[in-house]
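Let's have the full structure, built from the sequences with the hints guiding it.
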Amino acid sequence: MLSFYNQLTGKKERFESLVPKIVKMYVCGVTVYDYCHIGHARSALVFDVIRRYLEFSGYQVEFVKNFTDVDDKIIKRANEQGVSCETITAKFIDAYDTDMGRLGIKRATKEPKATEHMAEIIELVDRLMQKGLAYEVAGDVYFQVDQYQAYGRLSKRKLEDLQAGARVEVDERKRHPMDFALWKSSKPGEPSWDSPWGPGRPGWHIECSAMSIKHLGETFDIHGGGMDLIFPHHENEIAQSCGATGKEFARYWIHNGFVQINQEKMSKSLGNFFTIREIFEKSKWPEAETGEMLRYFLIGTHYRSPLDFSDKSIEEAKNALNGFYDLFKRLKESEYRATADEGMIEAIERCKVAFREAMDDDFNTPVAIAELQRLKSDINKFMGQGLSTEARKIARVEFQLLGNNLGLLQFEKWQFVGKSRSGGIVVRPGTASLTITTFAPTVTVGQVSPETELSNEQIEQQIAERLDAKKKKNFAQADEIRKSLASHGIIIEDKPDGTSRWKR
RNA sequence: GGCGCCGUACCCAAGUGGUUAAGGGAGCAGUCUGCAAAACUGCGAUGCAGCGGUUCGACCCCGCUCGGCGCCUCCA
1 MLSFYNQLTG KKERFESLVP KIVKMYVCGV TVYDYCHIGH ARSALVFDVI
51 RRYLEFSGYQ VEFVKNFTDV DDKIIKRANE QGVSCETITA KFIDAYDTDM
101 GRLGIKRATK EPKATEHMAE IIELVDRLMQ KGLAYEVAGD VYFQVDQYQA
151 YGRLSKRKLE DLQAGARVEV DERKRHPMDF ALWKSSKPGE PSWDSPWGPG
201 RPGWHIECSA MSIKHLGETF DIHGGGMDLI FPHHENEIAQ SCGATGKEFA
251 RYWIHNGFVQ INQEKMSKSL GNFFTIREIF EKSKWPEAET GEMLRYFLIG
301 THYRSPLDFS DKSIEEAKNA LNGFYDLFKR LKESEYRATA DEGMIEAIER
351 CKVAFREAMD DDFNTPVAIA ELQRLKSDIN KFMGQGLSTE ARKIARVEFQ
401 LLGNNLGLLQ FEKWQFVGKS RSGGIVVRPG TASLTITTFA PTVTVGQVSP
451 ETELSNEQIE QQIAERLDAK KKKNFAQADE IRKSLASHGI IIEDKPDGTS
501 RWKR
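Going by this note's numbering, 328 is the number at position 328 of the first sequence; the sequence numbering is gapless.
Any given hint could turn out to be false.
Unchecked claim - Pairs of lysine-lysine, PhoX-like flavour, derived with a Cα cap of 25 Å:
| # | residue 1 | residue 2 |
| --- | --- | --- |
| 1 | Lys11 | Lys158 |
| 2 | Lys393 | Lys329 |
| 3 | Lys282 | Lys332 |
| 4 | Lys483 | Lys318 |
| 5 | Lys393 | Lys495 |
| 6 | Lys21 | Lys11 |
| 7 | Lys131 | Lys76 |
| 8 | Lys312 | Lys352 |
| 9 | Lys352 | Lys332 |
| 10 | Lys318 | Lys376 |
| 11 | Lys76 | Lys376 |
| 12 | Lys413 | Lys106 |
| 13 | Lys495 | Lys473 |
| 14 | Lys187 | Lys214 |
| 15 | Lys113 | Lys11 |
| 16 | Lys282 | Lys106 |
| 17 | Lys247 | Lys110 |
| 18 | Lys329 | Lys376 |
| 19 | Lys413 | Lys12 |
| 20 | Lys214 | Lys184 |
| 21 | Lys332 | Lys268 |
| 22 | Lys76 | Lys247 |
FYI, nobody ran anything at the bench for these hints, they're computed from the structure. Just so it is clear, the structure is predicted and the values come from calculations on it, not from any experiment.
Here you go:
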């Protein structure tokens, strides 16, 4: 039985969907005014894995992930560049799709945009006005926080506490300092829509309420996003939605932890972030492999814990994944013995159970991965005893099936070709706190191997020559070829039958 | 000021009131191999920041201390 931590209740709870076999899930996407960084990648990935696992568990998942395409930052960016907001948003939505695609993140079933839901947004604001939960001041509409008794139930804060520490200047026109904008009157030159309160645009929080209600209904199962959205964004969404409908909004709330650099939150204001595309561009590995390494690294830590990004962690992920792909390569080789077939089947069954237990327990991906590692090790042992060709195929399929939950182990093989070897990611730590705030992280060359690439044909040619030398017991020459290939990053593995396999 | 999180071996990282504290990476030793690689085997925290307390028993519960961080403002 699946259970996971519900931020709303502050406890790990057994999950039961509102409608049997169907899960309705809404996740806050991004504001499209810039390229996504690894923090965005983590969030998208966490919910991608959750979605995959829910599907694996037999649910049909209605997964809505929005794009915020009306916002101050977008307007600012458009003005800076002298282009329209649409130009900016179209560009970064496109970039989002590309970057997330490279990480193997599946598309949501619906990806609504705020600008396409003005009617629903206005209607929702109007409902709140009708109910006396909102008020208008000179074309702006605010939600009146103290009219919603349960305000603070998600973030576990009291209205009084919030006021005490408020660092923002209080807008005198508000009835309560924490009241937030549902509708903002537009200034000249800003995107605007007609409304009962004059031309304007929606506040940040209302779009998510409007879109989730429209696409998933007034009450739905799961709402997710980054930790930082708990307050005020999600708190406000709850207030607006419940206020308007009088019903429960999302029943389970899931929030992912941050990606950090040198123990600090990765953020634009600290200037310590890496964009996803910059990592792909600077990676010394091909795109598909880089994507899988990143994925492995990002889900190697439980989704609610912080995780520190570094070049070393990517390298570790690569080495860990290599173990699987090395095994897969050997699983493809034929064998007539079936000595250990039975044991292998047992091991696979054990792994399946353990894998599910791990994922059922608050989506514990690190443990799920550990189970796959254990299976890898088991199968290596069985292979030494003798696994039939059929058993080998079964093993490969099982890795693929379980790995699919994590979006891992789906490739036929890892192929380190077609990309120049001149990248690598290095995270340079700041030396003092003062440095860190102004520190711009650099993505630079890691391990440089300036050797020119060899084509597969060239490599095969060399290996044939070496084989020949070996047959003639000319080991000196054979070793010479091995050394030469090694200098190009090619590793040769001799098989028992005298032939060789190789890898980059 | 309010709310909250974290501190597990060289590194990453699970975990739990009572088995041998998962798994990975790196390292070392061995088996195998013409050499090598891979694989396999073994080694690696008498201890889970520190100090107290509760308990028959705590890494896990409580308190304090030290260290690091997050939210309360746009933020994945």
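Evaluation of the provided hints:
For the proposed pair Lys11 and Lys158, the alpha carbon gap of about 19 Å is at most 25 Å, so the pair holds. Annotation: proposed proximity of Lys393 to Lys329 holds, straight-line Cα distance about 11 Å (limit 25 Å). Only pairs whose Cα atoms come within 25 Å are accepted, and Lys282 paired with Lys332 is rejected, the gap being roughly 32 Å. With a C-alpha separation of about 23 Å, the suggested pair Lys483 and Lys318 falls inside the 25 Å cut-off, and the hint holds.
For the given pair, Lys393 sits about 20 Å from Lys495 by alpha-carbon distance, which is consistent with the 25 Å threshold. Pair hint Lys21 plus Lys11 holds up; C-alpha atoms about 23 Å apart against a cutoff of 25 Å. Of the pairs offered as hints, the one joining Lys131 and Lys76 is violated, with about 34 Å between alpha carbons and a cut-off of 25 Å exceeded. Straight-line distance between C-alpha atoms of Lys312 and Lys352 comes to about 30 Å, which puts the hinted pair past the 25 Å bound.
Pair hint Lys352 plus Lys332 holds up; C-alpha atoms about 22 Å apart against a cutoff of 25 Å. Distance check on the hinted pair: Lys318 and Lys376 sit about 16 Å apart at the alpha-carbon level, within 25 Å; holds. Note on Lys76 and Lys376: the hinted pairing is violated, with a Cα-Cα distance of about 51 Å set against a maximum of 25 Å. Between Lys413 and Lys106, the direct Cα distance comes to roughly 21 Å. Compliance with the 25 Å bound is thereby established for this hinted pair.
Taking the CA atoms of Lys495 and Lys473, the gap is near 16 Å; set against the 25 Å cutoff, the hint holds. Under the criterion of a C-alpha separation no larger than 25 Å, the hint pairing Lys187 with Lys214 is inconsistent with the structure, at around 29 Å. In summary, the hint linking Lys113 to Lys11 is not supported, as the alpha carbons are separated by about 32 Å, beyond the 25 Å threshold. Taking the CA atoms of Lys282 and Lys106, the gap is about 24 Å. The hint holds against a cut of 25 Å.
Distance hint between Lys247 and Lys110 is fulfilled; the C-alpha atoms sit about 23 Å from each other, no more than 25 Å. For a cut-off of 25 Å, the pair hint linking Lys329 to Lys376 stands: about 12 Å separates their Cα positions. Straight-line distance between C-alpha atoms of Lys413 and Lys12 comes to about 38 Å, which puts the hinted pair past the 25 Å bound. A distance of roughly 22 Å separates the Cα atoms of Lys214 and Lys184; the hinted pair therefore holds under the 25 Å criterion.
For the hint linking Lys332 to Lys268, the alpha-carbon distance of about 46 Å lies beyond 25 Å, and the restraint is violated. For the hint pairing Lys76 with Lys247, the CA-to-CA distance comes to about 37 Å; that exceeds 25 Å, so the pair is violated.
The earlier numbered hints that this structure contradicts are 3, 7, 8, 11, 14, 15, 19, 21, 22.
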